[in-house]
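Chains as they are written, first to last, in our numbering: chain A, 1 to 319; chain B, 1 to 293; chain C, 1 to 379; chain D, 1 to 251.
Just so you know, these hints were derived from the structure itself, not from any lab. All values derive from a computational prediction rather than experimental measurement. Mixed in with the good hints, there may be bad ones.
Here are the computed distance ranges between Cβ atoms for each label pair [what the hints assert, rightly or not]:
| id | chain 1 | residue 1 | chain 2 | residue 2 | range |
| --- | --- | --- | --- | --- | --- |
| 1 | A | N177 | C | K116 | 42 to 48 Å |
| 2 | A | E270 | D | R124 | 43 to 49 Å |
| 3 | A | S12 | C | G65 | 50 to 56 Å |
| 4 | B | I276 | A | V89 | 28 to 34 Å |
Derived SDA-like pairs: lysine to any residue, alpha-carbon spacing no greater than 25 Å straight-line [said to hold, decoys possible]:
| id | chain 1 | residue 1 | chain 2 | residue 2 |
| --- | --- | --- | --- | --- |
| 5 | A | K2 | D | R127 |
| 6 | C | K160 | C | T191 |
| 7 | A | K311 | B | Q91 |
| 8 | D | K115 | A | A75 |
| 9 | C | K135 | A | L6 |
| 10 | D | K115 | A | R273 |
| 11 | C | K160 | C | K28 |
Glycine is no exception: its CB is placed at the ideal position from the N, C-alpha and C atoms.
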Amino acid sequence: MKQNLLLFTGFSILIMFAPQLLSGGYLMNVLVFVGINTMLAIALNLLLGYAGQISLGHAGFFGLGAYLSGILTTAYRFNPWVAMPVAAVVVGCMAGMIGFPILKLKGHYLAMATLGLGIIIFIVFNETVELTGGPSGLSGIPNLQLAGISFDSDVKNYYLIWGFTLAVMLFSLNLANSRIGRALRAVHDSEVAAQVLGVNARLLKVQIFAMSAVISSLAGSLYAHTMTFISPASFGFNFSIELLTMVVIGGLGSVYGSFLGAALLTLLPEILRGANDYDIIIYGGLLIVMVMFMPGGLVRGIPALYRKVIKQKGETGHA
Amino acid sequence: MQFDQILQYTLSGISTGAIYALIGIGFSIIYNATGIINFAQGEFVMLGGLLTLSCLELLNLPLWAAVPCAVAVSTVVGVLFERLAIRPLRQPTPINLVIITIGGSILIRGLAMLVWGKDTHTIPPFSGDTPIAIGGATILPQHLWILAITLIIIVINKIYFYHTISGKAMRACSYNRRAAGLVGIDVRRMVLFSFIISSAMGAVAGIIVAPLTMTAYDVGVMLGLKGFCAAIIGGMSSGISTVIGGLILGVLESLGAGLISSGYKDAIAFIILLLIMFIRPQGLFGKADSERV
Amino acid sequence: MNFKVISFVTAAATLLLSATVFAAAPIKIGALFAVTGPAAFLGEPERNSAKMVIDEINKAGGVKGRKLELIVYDTAGDATKAVQLATKLIKDDKVVAIIGPSTTGETMAAIPVAEKEHIPLISCSAGSKITDPVKKWVFKTAQNDALAVGRIYEYLQKTKQTKVSILTVSDGFGASGREQLKSQASKYGITVVSDDTYGPKDTDMTAQLTKIRGSHSQAIICWGTNPGPAVVAKNVRQLGIKTPLFMSHGVSSKKFIELAGEAAEGIRLPSGKVVVADLLSGSDKQKKSLLAFVKDYQKHYKAEGDHFGGHAWDAVMLIRNAVENGADTAAAIRDQLEKTKAFAGIGGSFTYTPQDHAGLGKDAFVLVEVKNKDWVIVK
Amino acid sequence: MLEISGITQIFGGVTALDTVSFSIAKGDITGVIGPNGAGKTTLFNIITGIYRQTAGTVQLEGKDVTGFPPERLARLAMVRTFQNIELFGTMTVLENVMVGMHTKSSSGLLACALKMPWSISEERRIREGAMKWLEFTGICDLADHTAGSLPFGKGRLLEIARALAVGPRIILMDEPAAGLNSQETLALSLLIKRIRDLGITIVLVEHDMELVMDICDRIVVLNLGRKLKEGTPREIQESPEVIAAYLGDDD
């Protein structure tokens, strides 16, 4: 418990002073996206890593948050701070309602159903042109403002997004180590045993599905207000898959793993930028190699690697 | 609403659906033998089409030689993929396997982009493109090719899985991999076999649609997705129910586009699929099996 | 006295030094193209053309003794990346102007960055809303969809056809075209009798076309980019539809004719003049630019230059001209761009004013038809 | 306490259970025995709401609970253990038992995630309660081990501790002695008696006749899906038809 708190405090301090340590500029902008993706990866991880339920449609909830925020603030002149929770509540309720029938499905049927859900949402973004602007997107979404500060620069957005991201991390860490988190993991390990002990697996799954959707929606709203422009292409099937990859590469069932996965997959294209058309090949190859050599994800693979290196050093030192 | 319009929608749907079915069967074969949902399945469809193009244009082979050549090369890619990426995996959890196949799919697509560029290409139809009238509707000779080849492949599948030793062994693996291993079936070989069969089938699907739909390095994504859906509607079977799954999807899309709204046609297809799954969570053709505790 | 001499010498030396340094430093121009991803058919020729023309300029000694340096990033057609990379170009690479992005969606996403950082952005995408309303720092070289639609409708009006069916792709390009097709129809006395769409990756459009066949329209207008329209052309032929088929400028390249094969014959579409460069009359002001572009592209890439590449070519040339006129900062380049008058480029003859940052008139498009696997101008 | 009447279960044409009825008295240890395939586990699965029977009713403390899902039965203080112990393998021993306290706690998702004061104190209570049950079963020292790494015998104890944490009035054990050595079996029989001394009614399916005869107050014999006989261990041991059907074939 104490360790957890210490780790989180350390992580927060690191995040807080990162802008001072780094040269700023474009990197700040990338780090803003690392924050948003971390939130999304944690949301999916709650579902996949803790409750063991796959979703191939999470980009849809992300998009719903972004579009609801965008539409409410542009067409209906809502204050962004009001639009954000409204969007989250609406998305949460939708996920809750769809969750009951959809979470009855198991394994690849669930994968397929969530995939279908994501595609349906995507098509709706594309087709309801009057509301969403269709494929050409929705522009002119206002920045968030707080106490006279408008969050319109990368550094300001960095603090805004990471404030939310840290809150989501703390929220999820607490949840994981609570009766609900334990019940979720229990359902994952043996659903029937958990039920016999009085855990309402179905309700719990729906709750966590809804919670996951709410966090995704929040990330979507923040995305909309920092980008000020959104278009359906950002919320398609590919992004759902990318989120899944972040969670698995980072480490299932680990909040810090989600951060590592999100950071790696967001920074990787930046690092590979010089490789031009070869970047897609390197990216694909890296995914394979990562899963092959770090099957437990970065969060378990890095310490193992570290131990290995230390051990080797020790051995050569003695010899 | 005229009858010949409905007929045209249905015919169009069936010919698109047959392709989904072929790709879907490829998904099912690998899934049954290995438990893997192979997200790289669509890439073999792409390889089939583009390799045929290269055989025709660079090697100047006639079509009858280009097709087996392209299928063979795609199969080699499938074997390499299984050998280099799937087999060495230390913790083959289902989710890790999913990520591996996603990685593989990106990798293969990237390589194809380098080899063939980003342009769309087309290959000539097998036997001309003079439309054939059926009732008030028309189809192309290529559609007949598609239906015939789909049919042949299903028959070959049936014979293989029910009347050959290795086919039966593969079915045994799909029921229970551990038990199959215990009775002396070389499970890893069956895994390899499943990749050979399904990459070859994917390639065939890619070749026979290319004259109609054209082909490019990125066609595998969408076709793979639809094939995946067909397989799931069919309950991940490697036989007729996946074919029906594919046809249902194809016809739903076509009718949706024609009768309701072309913009929402994929959404309509997916909504109907979701409803089917809500009513029958074990799949359209799956049998309800109770959990054993 | 002594002091004055020293200070004079120092000042002169500083000036001289800075002048030489200045002359040596290249002018950095950023570019955002969708080189990969679904819009690669735009991004790739754009990148190729931009690189080509920058090379040529530098080989010829640069502009006013200064070289141009082009920094290209691939957005993969993703709006998020476009914003990120626009920021990167401005903050890390310190460019004085940005060319691109390739698609309307990406451009709309990148505009706030350019506006805030005060860097001129010359978009290579067609959406009318990019420059309508006018934004201080944003220009575009791609012809507005509105002009292309106008070309088709003018022709229909002339030939007294009033009922059209439209079939548009459900991406940014198709959506923008669909909007224009519907909004301009009444102006030309045309009614849209059926309105359908298809997905960018769809492989069969017979369902939509069967529906259109039943709608008894006098013309079908399909708005999309390869390969969709080629499938549409084939499907139209399959279904035996005899209604005249029109396409958009999105497929005005040889590639389309190659893909659609026989089915392309007789299809008409509005196009930039690049595909019919050699058929233009000698009096056409653009002819010189067009022929040079086509020849260079063939030499560099062994491929046919198309008007997408032309958008990037125009953008680079516009910046070059601004630099030629003495601008070397972002603000000065913007001001010079706005003064561009009758620059005969690939996309048309550009004249920017403070009220118009699109710069093209209707003459940017000609109506062409596919005949014997090649383009001819429809009179 | 538990009233089973007319339970019939048909699996695809095969009758697994045929109108089985019996009742279990409060505070008793009741053994359900019978040869393999007699339908014992199926009966357990029906009583605990995992299968839905073809016909028949189950009454718990006078309340009709036919068709209740397992989680609802747990709230009515009925819990069970499994033949092949079903532990939460990735969680620690202590956490396993803490899951057992699920129905004894009520903090919702938001309260947990936001660490509301009441959820913090509840968490403390859960931890203390779970430790108490680990002490009761004598596996306190394993609290921080991963459940998946436990030897089978310890796993069995953990499963019982976890079931007890639910605070049951009736507990159903499916072959608790299966896979245990003789020493462990002896300890188990003592543990079961101690559980009974807490006032908890116990029903067990068991093949180990020595254990059954030693601890059970009453025994129900099933054979081929039908109830063959019901009575005290002595009556069962002396019943000729039971001996014929069951004990006779054995040894």
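Violated constraints from the hint list, given by number and in increasing order: 8, 9, 10 and 11
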